[in-house]
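J.: One-letter residues, chain by chain:
There are 2 protein chains.
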Amino acid sequence: MKFSPLVDELIQSLKCLPGVGPKSAQRMAFQLLERDRKAGSKLADSLGKAMSEVGHCQSCRTFTEETYCPICVSTKRGHSSVICVVETPADVLAIEAGGHFSGRYFVLLGHLSPLDGVGPDELGLALLETHLASGEVTELILATNPTVEGDATAHYIADMAKNHELAVSRIAHGVPVGGELEYVDSTTLALSFNGRLPI
Amino acid sequence: MKFSPLVDELIQSLKCLPGVGPKSAQRMAFQLLERDRKAGSKLADSLGKAMSEVGHCQSCRTFTEETYCPICVSTKRGHSSVICVVETPADVLAIEAGGHFSGRYFVLLGHLSPLDGVGPDELGLALLETHLASGEVTELILATNPTVEGDATAHYIADMAKNHELAVSRIAHGVPVGGELEYVDSTTLALSFNGRLPI
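Chains as they are written, first to last, in the numbering used here: chain A, 5 to 203; chain B, 5 to 203.
In short, the hints are calculated from the structure, not lab data.
All values derive from a computational prediction rather than experimental measurement.
Accuracy of the hints is not assured; some may be wrong.
Here's a subset of chain B near chain A, in silico, CB distances under 8 angstroms, partners left out [to be verified]:
| hint | residue |
| --- | --- |
| 1 | GLU13 |
| 2 | GLN35 |
| 3 | LEU37 |
| 4 | SER45 |
| 5 | SER50 |
| 6 | MET55 |
| 7 | PRO74 |
| 8 | SER78 |
Cβ coordinates follow ideal geometry from the N, Cα and C atoms, glycine included.
The shape of chain A in the complex, shown without the other chains:
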């Protein structure tokens, strides 16, 4: 059985959200229709606006509807000499949540993946190169994910940075705080031994 066209269309559209299947989509549609039309309309508005207006920061490529994002605009951080390279805007948020990093970011919006047609151009590495060439940058911290693609991307960028005089580092991989050695995989353990620091 089908509902009325508008309700069907809403249920179909909700399935574009990650982790939402037919059953959850139906539940979401009914919940909004039955109990919270105001919040539903607000979601429709902000979704429409975000989809059409949010673009990328001209300096670090994270999401923003302005030309530059709040971090790049900030007088304290916008011209910081330390750039942290991450894969996604969500990574920026994760690092900012810690509050220990006060430099600026460069968001690749992906990682090198030749089979998917993602090369240096798609990652905006030309823009990163202009940042490095400006002479303002003294350190580049590579915080791509510790996956095969993330590591490959980090190595590619490290090679690229060799032409400029600056320190290049990769974030440490090892046993997470609160983790138990017993349950940590062997590759991570090996990395934590390789990356050991004098105490």
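Guided by the hints, dock chain B onto chain A, whose structure is given.
T.: Positioned in the frame of chain A, the structure of chain B alone reads:
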């Protein structure tokens, strides 16, 4: 750290969806912004339209943007002499998925719950009464949920229907098909004994 205002607003708005917390909302927002703006805009459109245009069927109270829903408009079913009373439009969908019921529905959009201010008026029982008084109805099947409130609602409606000459029945409660006796709770088991049928 905050994102740009539009992205923040989108993440906040997404939290109105059931089962979506801050982390999922963020994931959904980034997924749509990064990979599927077209689907996101479509969702915004259909959400906006549904929230403003979808109302309730004048005859059975289910969701529809027309005056009457497809079932009530149907010549075969719209004037059926059997009415099935359910709590929500999702229940209509669940029964229709089985395809074994060919009467029409009456959707309460809730159950009696005096503490939450839900009385007979909120459940549209006056409208149901006019259906019963029309003389077209010969059977009323009460398919409210087998909860305390659902049972109370069913009893209230059964009392109401006593003034009219028609058969009133409650759907059977018992062991679900494919279920194992061992894992069925004792109340359900007791109900399945009480409701036993000659074979």
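J.: With reference to the structure, classify each hint as holding or not holding.
T.: Hints versus structure:
{"no.": "1", "hint": "GLU13", "verdict": "5 angstroms, holds"}
{"no.": "2", "hint": "GLN35", "verdict": "5 angstroms, holds"}
{"no.": "3", "hint": "LEU37", "verdict": "6 angstroms, holds"}
{"no.": "4", "hint": "SER45", "verdict": "5 angstroms, holds"}
{"no.": "5", "hint": "SER50", "verdict": "4 angstroms, holds"}
{"no.": "6", "hint": "MET55", "verdict": "4 angstroms, holds"}
{"no.": "7", "hint": "PRO74", "verdict": "7 angstroms, holds"}
{"no.": "8", "hint": "SER78", "verdict": "11 angstroms, violated"}
When held up to the earlier numbered hints, the structure conflicts with hint 8 and nothing else.
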